[in-house]
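Listed in order, the protein sequences are those of chains A and B. Just so it is clear: in the first sequence, position 57 is 57 by full-length UniProt numbering, and no numbers are missing. Just so it is clear: in the second sequence, position 170 is 170 by full-length UniProt numbering, and no numbers are missing.
Some hints could be false.
Heads up, the list lumps identical chains together, so a pair's fine if it works in one copy or across two of them.
To be verified - Straight-line alpha carbon distances no greater than 30 Å define the calculated DSBU-like cross-link-like pairs of lysine-lysine that follow: (1) K219 with K13; (2) K13 with K126; (3) K45 with K87; (4) K45 with K219; (5) K219 with K137.
None of these hints come from the bench; they were simulated from the model.
There are 2 protein chains.
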Amino acid sequence: MNVFIVHAHPEPKSFCSALCWSATEILRAQGHEVLVSDLHADGFKPVADAADFGTRQNPDYLVYALEQRQAYAQGSLAPDIQAEIGKLLWCDLLILNFPLYWFAPPALLKGWIDRVLISGLAYGGKRFYDQGGLAGKRAMLSLTLGGQAHLFDGPESVHGPLEDMLRPLQRGTLAYTGLAVLPPFVAWHVPYLSPAAREQLLQDHRHHLLSLDRRSPLKLAPRLADFDERLRPR
Amino acid sequence: MNVFIVHAHPEPKSFCSALCWSATEILRAQGHEVLVSDLHADGFKPVADAADFGTRQNPDYLVYALEQRQAYAQGSLAPDIQAEIGKLLWCDLLILNFPLYWFAPPALLKGWIDRVLISGLAYGGKRFYDQGGLAGKRAMLSLTLGGQAHLFDGPESVHGPLEDMLRPLQRGTLAYTGLAVLPPFVAWHVPYLSPAAREQLLQDHRHHLLSLDRRSPLKLAPRLADFDERLRPR
């Protein structure tokens with residue numbers, strides 16, 4: 001299996017960074033190929049703008065998704081985007097590894113999503129959800145957060161279920177492009193871990209990665225066959 | 001009323017940018033003061049990293065939220081963050097004006113959130129939701145998207161309710177900091193508008209802004225008084 005880890009944490013010695021490198025080792029030891037994009041180390045550009053296109057279909061008015069489609073077809077996307085797309089197409093499993101900031105990915109990772117999951121490849125027209133451009137591949141979140149699990153353990157908890165907060169990411173992004181989304185690995189309460197709890201969490205992470213093939217994808221999005229031409233429920 | 005608009009669209013001639021400048025005019029004509037941060041025009045830095053702090057409490061290991069708290073107390077935050085915080089503290093109403101990318105704010109706006117809504121001011125410890133650091137102020141989303149309203153008009157629609165996709169932003173970010181969140185202005189199907197539909201949408205926007213004072217905040221988050229010391233439901 002080819003695994004592509006997109007990692008976004010500003011501290012190389014953080015627990016979140018440890019998860020990234022530990023996943024790399026564990027998966028390679030299983031015989032998988034692993035590529036990592038370490039977005040902070042790479043100085044990845046997060047802002048989607050006109051500079052992402054070598055030539056423009058319409059130089060006077062930027063419609064980002066239209067230019068993506070055109071530039072991808074012509075091979076004139078910015079080289080850093082092309083390189084990320086190459087890794088995305090190569091992989092069987094995409095892992096997004098990040099600290100949860102404001103119940104969402106950090107801006108740097110959001111920028112990878114905005115710029116790399118391009119229209120015309122990852123989605124476009126009625127190619128989304130089970131018809132998405134990346135169908136056949138799998139994806140998984142690996143995230144760290146400061147809160148404890150009981151703040152998210154059901155509808156009565158103070159923040160409600162974590163999966164509800166992850167909806168734009170797991171459903172609106174990963175499942176939207178056709179990726180089969182495996183259950184996330186969630187590291188709770190990370191800034192406050194004792195050394196023993198940290199070690200246990202690394203073991204849990206190892207177990208999570210080694211059991212991926214026995215896990216079913218989450219049911220996040222409907223089948224488009226259940227909707228009519230105008231995308232109304234049949 | 002002091003209004004602070006944070007705007008993030010890469011095309012100055014876009015409908016989204018028109019909403020920003022039109023809101024500025026409409027609100028000023030009502031006698032309000034308006035400040036705009038045009039994040040693309042300003043070249044705003046979206047990535048939260050070590051460069052955001054003039055001095056570091058711990059130069060060897062970056063815990064971003066801890067350094068935010070310390071740097072804010074010492075006045076050693078990066079000048080661009082300080083400037084945005086100044087506008088945030090000045091305002092009575094914060095408007096986030098942006099195109100919805102992947103059912104979420106663009107990376108550039110997410111970066112404004114990651115860097116400007118600092119720990120120690122906007123939130124911290126048990127200061128969140130109704131106890132959040134920005135309580136007493138109001139906020140509102142103003143967003144454009146390509147999809148049509150019927151794709152989001154209830155639980156059976158293909159994407160489910162828009163408010164579910166906006167949960168990390170409206171509840172997890174704005175309401176988290178104590179802001180009272182007014183109903184969003186949503187401009188549907190924007191890339192496909194006829195000139196007449198565009199004009200109607202600008203009128204709807206005007207009406208939305210002029211009726212803000214008659215609108216009740218959304219009920220997004222619980223009261224912390226309903227939770228115990230460990231944040232379990234009482």
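Hint-by-hint comparison with the structure:
1. K219 with K13: neither (35 Å within a copy, 40 Å between copies)
2. K13 with K126: Between copies only: 28 Å across, 43 Å inside.
3. K45 with K87: both (17 Å within a copy, 26 Å between copies)
4. K45 with K219: Result: close neither inside a copy nor across copies, 32 Å intra and 36 Å inter.
5. K219 with K137: within (15 Å within a copy, 38 Å between copies)
Hints 1, 4 from the list above are not met by this structure, while the remaining hints are.
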